[in-house]
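2 protein chains.
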Amino acid sequence: MKKFIDNPATLLETSLQGFAKAHADIVELHTEPNFVCRKQRKKGRVALISGGGSGHEPLHAGFVGYGMLDAACPGQIFTSPTPDQMLAAAEAVDGGAGVLFIVKNYAGDVMNFEMAAEMLVGPNASVLVNDDVSLPKDHPIGRRGVAGTVIVEKIVGAAAEQGYDLAACKSLGDRVVGATASMGIALSSCTVPALGRPTFEIAEDEIEIGVGIHGERGRETGKLVTASEMVEQIAGHIQEELNPGAGQAVLLHVNGFGATPLVELHLVYELAWQYWQKRGLNIQRALVGSFTTSLDMAGCSLTLTLLDEEMLRLWDAPVNTAALRWGC
Amino acid sequence: MKKFIDNPATLLETSLQGFAKAHADIVELHTEPNFVCRKQRKKGRVALISGGGSGHEPLHAGFVGYGMLDAACPGQIFTSPTPDQMLAAAEAVDGGAGVLFIVKNYAGDVMNFEMAAEMLVGPNASVLVNDDVSLPKDHPIGRRGVAGTVIVEKIVGAAAEQGYDLAACKSLGDRVVGATASMGIALSSCTVPALGRPTFEIAEDEIEIGVGIHGERGRETGKLVTASEMVEQIAGHIQEELNPGAGQAVLLHVNGFGATPLVELHLVYELAWQYWQKRGLNIQRALVGSFTTSLDMAGCSLTLTLLDEEMLRLWDAPVNTAALRWGC
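First to last, the sequence lines map onto chains A and B. Sequential numbering from 1 applies to the first sequence in full-length UniProt numbering. Sequential numbering from 1 applies to the second sequence in full-length UniProt numbering.
Heads up, some of the hints might be wrong.
It does not matter which identical chain is meant; a pair holds if it fits inside one copy or across any two.
[To be verified] Listed below are the simulated EDC-like cross-link pairs for lysine to aspartate or glutamate, each with C-alpha atoms no more than 20 Å apart in a straight line: (1) LYS2 to GLU201; (2) LYS137 to ASP25; (3) LYS223 to ASP174; (4) LYS43 to ASP84; (5) LYS43 to ASP316; (6) LYS39 to GLU91; (7) LYS39 to ASP316; (8) LYS39 to ASP6; (9) LYS278 to GLU91; (10) LYS137 to GLU241; (11) LYS223 to ASP205; (12) LYS42 to ASP165; (13) LYS137 to GLU201; (14) LYS42 to GLU204; (15) LYS21 to GLU232; (16) LYS278 to ASP138; (17) LYS223 to ASP6; (18) LYS2 to GLU229.
Since the hints were made in silico from the structure, they are not lab data.
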């Protein structure tokens, strides 16, 4: 295993310390239990909390700040955070208008966030993100939450900042989830530090189609083809799922899994843009970069969100976090 | 070679199209010859132009925008741009107060930017960036320009925005270069698309110490050690070079080479922070992320800039580019 690491057991803690120092103008790190929250907090608005296993950076701590999350609870690498983290975070950031949890659909995350929600005194609700269309809709544990999570956190974060109440934030979050679909392709596995070797083997001429973000294999192994063919393939599944009408306004997000350079991600964006432009969509907003990663996996995903005017306005609203920043 | 790519011959062009579409609010792409410039231009200020081989994204096109570059000239992957690109860019963005070229010290870049400067009608000057301390000061072609380039472009970009004249921008740029030192370590090689295989072989227990950003070997091959030992090693060379006094204000930049995840970069930041904190430095600003990359190379570099009050104020000034954005 080749990584910048001293010891898998202390990687997360040291990395969080570095993150908090590098962004000390925006966030505060609390330990025992671990959570990252905004430095400046405001009373009277709904507080947004997310979290999940680490290894997906900048998700979620990189999205804590004005106009997005109030706190993030990082678990160990690819491991759910525990309910005490969520409770401590909720206690720190609850401004009296309730807490909204944004949860990616993984069994451990769902269970622990549910437990926290039950223990929490005071109004709270949860939005479950399940945007990964590589699994069938009727999959026994449901579809996974992947790169669409960022879109949900941005749009609902802006709403909370603007004073939407808890019910309105929850309902908006559900609406964004319903309007969002993602699918990814991996060119390589990733190496979980505690394991010390790639989580799966893949040949030089193979790709994994329909991967999640935890180094698991995809729904199928395919042959390495051109970027255009890869884009056609995953865009096709998203298109089929959302079935957008001609002229539909959309946000197109190309997300790198951690080891794919920007020069490739922008190429993929161009190809995906052409794919949907041909189908008459109105591609109004773009997000290209590595936002929901899977450690050092090479690969990327496409996410499409069907935008209405409210969602577009909230997407454009000011945001000031470590990883997403505009308008302020 | 496993990449999102259709054809090495069209990769750059397609990627630039995607980049320009994804950031159409900030930049415009011109072709034949290729350059990226700001969408909104203002007369009467010094225009900053940089450029170099592609494969280092987001450098340089990702830094075109308010408060930073006016234009960037991307060459083919790891290949210098040609003088006609720089001339066309200069013609497009010259606002009547002269043009400042920011050039990384590579033979081809230097030669072509010099040629452009000679052909350009109107006042112009150049700042040569040579922050890589892995080569000796008296190296025959001088030290390479690496991740410190971003610091130069940001600080001088803010000065140009604030109305500094050409001589003042040039002198400030030289001062930032003199106050900046970088050194990097690679854990892997990178694969240039036209070549189709890694540019060097490296064993599972080896690292390259003192690498540039073009997939060349480092000044020495070492054994894989802990992140702390790697940081000590490269930070030591930087410390020796700059020899900062106790209490010196600095900006500490950890730059990923393209395939190193943020969780590792933040760990490296924490270790480098500890290294310089122990030596009494006042670490006032941080920049952590993959800003000057080497395609899909795994690795990172440290850059330290000794800040004075003017440089700090200019670093903090508003910037609105694809890859660096704050205060606006």
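Would you pick out the hints that fail for this structure and give their numbers low to high?
2, 3, 4, 5, 8, 9, 13, 14 and 16
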